[in-house]
Amino acid sequence: MGALLAESFLALSRELPAQHALMCEQLQGRRVEVCVGAERFFLGFAPGSARVESAGPPAEVLLLTGRRVLADVLDARLSLTRAVLTDALEVVGPLPSLMALHDGLVTYVHGAVRCPSFPPLLARLRAVCREDAAPHSPPGGEAHGSRER
Amino acid sequence: MRRQDSHGGLLTDLAELLPRLDYFRRSPARLGGRGGHKEWQYFLVNAGAVHLLINFSLQDDPWAADARRAEVARLTLLALGEEWQGGLERFPEAEVHVSPGCIDARFGASTLRFEQGRYLLDVSLREHSLAAELELVPMMRPLLFNNHPLAPGENLSWVVVPRLEARGTVTLGGRTHRVEGAPAYHDHNWGHFRWGGDFSWEWAHALPSDAAHPWSAVFVRMMDRRRTRVRYQSLFLWRSGGPVRTFRDRDIRLLHQGHFQPARRLTVPPEMALLAPGLACDLPAHMELAATSGADSFHFRFDAEELARVITPGESEPRTVSVLNELSGRVVSHGCIGGEPFELEATGIYELIRD
Numbered sequence: 000m001g002a003l004l005a006e007s008f009l010a011l012s013r014e015l016p017a018q019h020a021l022m023c024e025q026l027q028g029r030r031v032e033v034c035v036g037a038e039r040f041f042l043g044f045a046p047g048s049a050r051v052e053s054a055g056p057p058a059e060v061l062l063l064t065g066r067r068v069l070a071d072v073l074d075a076r077l078s079l080t081r082a083v084l085t086d087a088l089e090v091v092g093p094l095p096s097l098m099a100l101h102d103g104l105v106t107y108v109h110g111a112v113r114c115p116s117f118p119p120l121l122a123r124l125r126a127v128c129r130e131d132a133a134p135h136s137p138p139g140g141e142a143h144g145s146r147e148r
Numbered sequence: 000m001r002r003q004d005s006h007g008g009l010l011t012d013l014a015e016l017l018p019r020l021d022y023f024r025r026s027p028a029r030l031g032g033r034g035g036h037k038e039w040q041y042f043l044v045n046a047g048a049v050h051l052l053i054n055f056s057l058q059d060d061p062w063a064a065d066a067r068r069a070e071v072a073r074l075t076l077l078a079l080g081e082e083w084q085g086g087l088e089r090f091p092e093a094e095v096h097v098s099p100g101c102i103d104a105r106f107g108a109s110t111l112r113f114e115q116g117r118y119l120l121d122v123s124l125r126e127h128s129l130a131a132e133l134e135l136v137p138m139m140r141p142l143l144f145n146n147h148p149l150a151p152g153e154n155l156s157w158v159v160v161p162r163l164e165a166r167g168t169v170t171l172g173g174r175t176h177r178v179e180g181a182p183a184y185h186d187h188n189w190g191h192f193r194w195g196g197d198f199s200w201e202w203a204h205a206l207p208s209d210a211a212h213p214w215s216a217v218f219v220r221m222m223d224r225r226r227t228r229v230r231y232q233s234l235f236l237w238r239s240g241g242p243v244r245t246f247r248d249r250d251i252r253l254l255h256q257g258h259f260q261p262a263r264r265l266t267v268p269p270e271m272a273l274l275a276p277g278l279a280c281d282l283p284a285h286m287e288l289a290a291t292s293g294a295d296s297f298h299f300r301f302d303a304e305e306l307a308r309v310i311t312p313g314e315s316e317p318r319t320v321s322v323l324n325e326l327s328g329r330v331v332s333h334g335c336i337g338g339e340p341f342e343l344e345a346t347g348i349y350e351l352i353r354d
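The listed protein sequences correspond, in order, to chains A and B. Numbering of the first sequence is given in numbering that gives the first Met the number 0, commencing with residue 0 and proceeding in unit increments. Numbering of the second sequence is given in numbering that gives the first Met the number 0, commencing with residue 0 and proceeding in unit increments.
Careful: at least some of the hints might be erroneous.
Claimed, not checked - Pair by pair, the computed Cβ-Cβ distance ranges are:
| no. | chain 1 | residue 1 | chain 2 | residue 2 | range |
| --- | --- | --- | --- | --- | --- |
| 1 | B | Asn-154 | A | Glu-52 | 45 to 51 Å |
| 2 | A | Gly-47 | B | Trp-39 | 34 to 40 Å |
| 3 | B | Ala-93 | A | Met-0 | 23 to 29 Å |
Unchecked claim - If we take Cβ atoms under 8 Å as the criterion, some of the chain A residues that face chain B in the derived model are:
| no. | residue |
| --- | --- |
| 4 | Glu-14 |
| 5 | Ser-78 |
| 6 | Val-112 |
| 7 | Pro-115 |
If you are wondering where the hints come from, they were derived from the structure by calculation, not from laboratory data. No residue lacks a Cβ here, since even glycine has one placed at the ideal position from N, Cα and C.
Isolated chain B, as found in the complex:
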């Protein structure tokens, strides 16, 4: 029986749809299949004074002695106030429970579940005073992308839920912030690829301060590792519950401006700073994106403010690292889709891979 909701059945539809799309896949290597699997459930929450990035990640350790037990669980929990704080922790096998085919994971004391149309997150770090207990209700229909090529023989699949409504609490440094009706973002990626392979990506999303703002946008660009060739790029727009427009490839012009010179930056896990020392980074200070197709247009400007780096050992070569740069900043955007103009001011995350 369908529940009644105030969104024309949307929430009920999403409650039924998401468990069929967004479930943990887990590595085929556990059953003797292909290794090199990676998967993560990623959430962003604009909780007012604090922005939260939460990532439940599973990835096959290429250096594990037993390929059937190579899957490693890692939780990344970052909070952005005036600057990034937080950490990345990995968990021994005995502390990890993930149900394949379900949205149900326990990494140590942290859990992710999907119940009655809501993502339920209860996360904390052992080494930092940072924790959150959140309920996220999906508010827009997801998009699913299967087996997008990253590099020869390597692929990535993707479910994106561009807008959710969050409520609960975030505790940072002993202070608890109440979250009520806050805009949030979620995606889930999985696939077979090696960090340091012949690919890099740029991804951007913005969360408005006003949860009632009806527009949401996600940008992704896939390139070769040296970033000399764009393999494909897409900009997806949603309005009030559903996807309304996609711009692709030649519709989109992207311009990097200036050179971001951070006054500080957070590195997780911290010991990886030994392999990527210093504050120098190859990141733009500003990004400007313009998309046009027919009478539809979209413009997006991002001004970088703070940097967090998630650093992973390169898997293709023994003395390399892959850096996922989580660049936060201000977003100003406007556009006109289907004759309807809109404007958006938001806090955005621009993620860029660098070696």
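So that you can see chain A by itself, here it is in the shape it has in the complex:
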């Protein structure tokens, strides 16, 4: 997952440099520890640079979730807000950092949906998320659509 994210940062910087620069500016100086299932990595941001690192100094923000939660958010079965409110996705840190993280995430997604090379990256991300997803989503069933209630 960390490798995919690093690849996506590169694609964003190459294909939509303005969005990449804005994301880096919004998250400048922030450090985020990400735990998705058993995987753990760090995000670091500086002007014009977004890095994914396997180790490093302590982060001010911790983001903790599972691949299945990410799959549900990507497929709109679960909104980001509900994921946070129900602790399916935990984010811990000072409020200004959390707000910056949200702004940076929105900028990243706006860039991602415009980058020509993101559709195959998204397909790979979905595949990785589904590796851990229980078979709770029968095709055509309630859980397989994109509905938010």
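Following the hints, put chain B in place on chain A, whose structure we already have.
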């Protein structure tokens, strides 16, 4: 040699006419011409228990590195039973074959062809248990609108076939529904414009449960993006094969009533829900349209029931989206054209653009 048909030669005429009007244009950018081209072939089928929306779309990706290879193929396939289901899928160049000048497209395993006066659709989604194999026979003469202005320097052309007769199968969630003589609608749009440009539209159409009902109506209203100014609006009526009446601009009064508050809604592609979260929406619960001109009159009431949203990144500004709201609901309509009164109860789609 002309085939004999039971509609006074209408089907034969349509079989000859439609390939000359409804063919895929494709982007001039492929040949070094103007980019920003968009085109889609859209079908609605009232298949009884399931309503189907099918859209074969080609549009130039404004962020593509090579403008000559910027055209992106997307298939939207939505089914409305008790609620909307389905998805939007895009296809890599290697899986797309579209013949310019013909009604002939292959997007992955899904195909659209026009043969012997019939549209042949064989569509399926990779990620959902939703598929359809349909033959649609046009039953009314089309209208063609060329280069209608959307915004300064932006335009849209349109072929509309308001009534077709569908037969075949729709498979949803592992259950196959037989379709026989079902009413259907088709249009084809193409032009140069940017999502998020200075325009928005409202469009409405209704498909009666009785395919033999002789009347068909299409409404379209074009506005500026903020919806403070109506640039033009039209209501087109067909009866038994041909167009019979058009109401325009000041002939038409449109009233939005109430505020639609959906209990649920479908978003395609689903990841776009990250940029347009929540259930709040700026949509009317009811729409009432009245048109009068001379002795002719038409009244149309739409009551919203279910919502599907097709969301596209805004192309004018970096942090915007354009939302095509496909609002389904009940339609009750009546009118009197040329001294002939009529009534219609139907299931309708009301499409509204919102940012």
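Now for the hints, and whether the structure bears them out:
1. B:Asn-154 to A:Glu-52: 45 to 51 Å: 50 Å, holds
2. A:Gly-47 to B:Trp-39: 34 to 40 Å: Holds: the Cβ-Cβ distance is about 38 Å, inside 34 to 40 Å.
3. B:Ala-93 to A:Met-0: 23 to 29 Å: 28 Å, holds
4. Glu-14: 6 Å, holds
5. Ser-78: Holds, because the Cβ-Cβ distance from Ser-78 (chain A) to chain B comes to roughly 5 Å (cut-off 8 Å).
6. Val-112: Since chain B brings a Cβ to about 5 Å from Val-112 (chain A), closer than 8 Å, the hint holds.
7. Pro-115: 5 Å, holds
Violated hints: none; the structure is consistent with every hint.
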